[in-house]
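There are 2 protein chains.
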Amino acid sequence: MHAIVLFGHGSRDPLWRLPIEAVAARIAATAPHIPVRCAYLELCTPDLAAAVAELARAGATSIQVLPMFLGVGRHAREDLPELVRDLRERHPDLRLDVMPAVGENPRLVALMAEIALQPL
Amino acid sequence: MHAIVLFGHGSRDPLWRLPIEAVAARIAATAPHIPVRCAYLELCTPDLAAAVAELARAGATSIQVLPMFLGVGRHAREDLPELVRDLRERHPDLRLDVMPAVGENPRLVALMAEIALQPL
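If you read the sequences in order, they're chains A and B.
Note that the numbering used here has the first sequence beginning at 1, numbered continuously upward.
Note that the numbering used here has the second sequence beginning at 1, numbered continuously upward.
Since the hints were derived computationally from the structure, they do not count as laboratory data.
Heads up, none of these hints are tricks.
Partial list, derived from the structure: chain B residues whose beta carbon lies under 7 Å from chain A:
hint, residue
1, Ser11
2, Gly103
3, Leu108
Note that the structure is a prediction, hence the values are computed from the model and not measured.
Even for Gly, the Cβ is constructed at its ideal location relative to N, Cα and C.
With the hints as extra help, turn the sequences into a complete structure.
So, in structure tokens, the structure goes:
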């Protein structure tokens, strides 16, 4: 079973998560057969390890992680790959793929430019 | 003259800014008559005040600020409005509009969901 994790920075502020949760809800509506979870680097739960463990228990054999970062710094380039290395050791039968950060996607860049050019 | 500011969190890591700068480059290529600047809340320059002052000196009479945040917490809901209030006092002849954070845009939410569903 294939599953998706949206991996964001996290915040103490519960409202902070709403846009990422909206993406998860949209995925669930579009592809109800694909389990989707949000996971966070810090300041809120679940973390990536907990989300992956839960999906593995539920039968996921392949998890695709989308880093929900517009800026691509240490969190996306170093912290996430390190977490993923640990998780691959902990779940040797699980295929764990990490996509480029969402902010690096050319279609997303183009859409953000289009949004900025829309008059209010 | 209308101008655009892309307002992001900022990071010490110079690579962090590349996706936001790619959006600015895309805007400049699409609408070369509209000046566009990136500005940051912290950890790198220019800050919002410096970007707005530079655009005002260059003749901008209306600046539209797009908050480049996927998560919408204190930075987007409190820090940015406070900065904008100060700037409106400092530039009474300038029209300064703040868009909803880019992560709240329904088309962006839909595209991020679509990206997450693409096989690697």
